[in-house]
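Order-wise, the sequence lines are chains A and B.
In this text, residue positions in the first sequence follow full-length UniProt numbering: the first is 1, and each later residue adds one.
In this text, residue positions in the second sequence follow full-length UniProt numbering: the first is 1, and each later residue adds one.
Don't read these hints as lab results, they were simulated from the structure.
Heads up, the beta-carbon is just placed ideally off N, CA and C, and yes, glycines get one too.
Certain hints may be false.
To be verified - Lysine to aspartate or glutamate pairs mimicking DMTMM-like chemistry, simulated, CA-CA at most 25 Å apart:
no., chain 1, residue 1, chain 2, residue 2
1, B, Lys275, A, Glu64
2, B, Lys275, B, Glu206
3, B, Lys55, A, Asp69
4, B, Lys42, A, Glu64
5, B, Lys275, A, Glu52
6, B, Lys42, A, Glu58
7, B, Lys275, A, Glu59
Claimed, not checked - Stretches of chain A that chain B covers, calculated by requiring three or more beta carbons in the stretch to come under 8 Å of a beta carbon on chain B:
no., stretch
8, 13 to 22
9, 65 to 71
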Amino acid sequence: MTTSTDRSAEPGSAAGAEASLLGFLASRTKKDWDADTDLFASGGLSSLFAMELVVYLEETFDIEIAGADLRLDNFRTVTRMVSLVRRLAGSGSA
Amino acid sequence: MPETQAAQTLAVIGAGVMGCGIAALALGSGVRVALLDIDEGKLGQADTKVKRHLKTAQLMSALPAGTVPGELVTTTSASGAADADLVIEAVTELAAVKAAALAAISPVVRPGTPIVSNTSSIPIDELTEAVARPEDFLGTHFMNPPYLIQTVEVIRGRRTGDEALRRLHALLGRLGRTAVTVGDGPGFVTSRVLHPMINDAVRVVEEGTAIPEVVDALFVDCLGHRTGPLRTADLIGLDNLADSLHVLYERTGDAGCAPRPLLLEKIRAGDLGRKSGRGFYDYGGPRS
Numbered sequence: 001m002t003t004s005t006d007r008s009a010e011p012g013s014a015a016g017a018e019a020s021l022l023g024f025l026a027s028r029t030k031k032d033w034d035a036d037t038d039l040f041a042s043g044g045l046s047s048l049f050a051m052e053l054v055v056y057l058e059e060t061f062d063i064e065i066a067g068a069d070l071r072l073d074n075f076r077t078v079t080r081m082v083s084l085v086r087r088l089a090g091s092g093s094a
Numbered sequence: 001m002p003e004t005q006a007a008q009t010l011a012v013i014g015a016g017v018m019g020c021g022i023a024a025l026a027l028g029s030g031v032r033v034a035l036l037d038i039d040e041g042k043l044g045q046a047d048t049k050v051k052r053h054l055k056t057a058q059l060m061s062a063l064p065a066g067t068v069p070g071e072l073v074t075t076t077s078a079s080g081a082a083d084a085d086l087v088i089e090a091v092t093e094l095a096a097v098k099a100a101a102l103a104a105i106s107p108v109v110r111p112g113t114p115i116v117s118n119t120s121s122i123p124i125d126e127l128t129e130a131v132a133r134p135e136d137f138l139g140t141h142f143m144n145p146p147y148l149i150q151t152v153e154v155i156r157g158r159r160t161g162d163e164a165l166r167r168l169h170a171l172l173g174r175l176g177r178t179a180v181t182v183g184d185g186p187g188f189v190t191s192r193v194l195h196p197m198i199n200d201a202v203r204v205v206e207e208g209t210a211i212p213e214v215v216d217a218l219f220v221d222c223l224g225h226r227t228g229p230l231r232t233a234d235l236i237g238l239d240n241l242a243d244s245l246h247v248l249y250e251r252t253g254d255a256g257c258a259p260r261p262l263l264l265e266k267i268r269a270g271d272l273g274r275k276s277g278r279g280f281y282d283y284g285g286p287r288s
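When you get a sec, could you build the whole thing from the sequences and use the hints?
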């Protein structure tokens, strides 16, 4: 379940975005993940879950992920997602 | 003989899970889509749903690169299908509801325009009386989500003409799908075999033999299936699965097709699978 803490996550803070994402993953998959684990590698998550990650990131950090950014590789690890969020949130407020 | 030209404009009847998914597949392949539904509320959400499907398809690299998406038009009027080159009806999996939708659309479209009922189990010949020109009528069984599954089960009814079949194959080719054509009958091939099997997977959970995760792990890890039966049930939608099982049970009398009590209990609780956020698995949806 998404908590109010998730909603107030600071996109400007990499640590805040990382904690938010790890919390979301833990609540949805009932297991803990490392920030650099490949989520879609063998034994990991279904690739369909990537779309849930897109929706979560867009709603939580008020960003839009479109065009060339919509690549599975951008969602493969928490670290990569944090980079994407920071880049999109940064360009959105510029 | 000249090649049959693929449809330029597709009308999709029904803005539910399958209707929106099929619309997204066509739009992503550059085909114009008229999406019809009698429910204005559902139609209002369709644009957002279709866009989300298109994003998923792009994320999975399931769309042809560099294709300009087709135009989406939504309407509550049957006349919205008048200029379609092919119509796919994808309303609720109930024979009477499908027959009513087909009867409303059939007089509007030009003769020679294939009218396709997308169904997981209702025999095409049963619905033929609803359309004005049986030779233009046939069936598909798209799997969910349509843009991620390469092959489409195509059902040829007893009165389906060759040209309708050719035109449907041409459209599916343009959408990058492979058509596999089968004869008519309750559940055709895939649902007739798969749905009673999923029902039995529900039974073993009900009887306490194994939890859903264990049932699915055996199918994936021992039998090499890509997805286990209960996760597949969640993807189909538990209500759609039960509707299909009812169709099979009523028409075959096969007791293995009578929907299991646990399946019906979940539906009553509003746990319909992935689309409601909860089914045999939790997808983060609201607890009902």
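Right, here's what the structure says about each hint:
no. : hint                 : result
1   : Lys275/B to Glu64/A  : holds (22 Å)
2   : Lys275/B to Glu206/B : holds (22 Å)
3   : Lys55/B to Asp69/A   : holds (10 Å)
4   : Lys42/B to Glu64/A   : holds (24 Å)
5   : Lys275/B to Glu52/A  : holds (12 Å)
6   : Lys42/B to Glu58/A   : holds (23 Å)
7   : Lys275/B to Glu59/A  : holds (18 Å)
8   : 13 to 22             : violated (count 0)
9   : 65 to 71             : holds (count 4)
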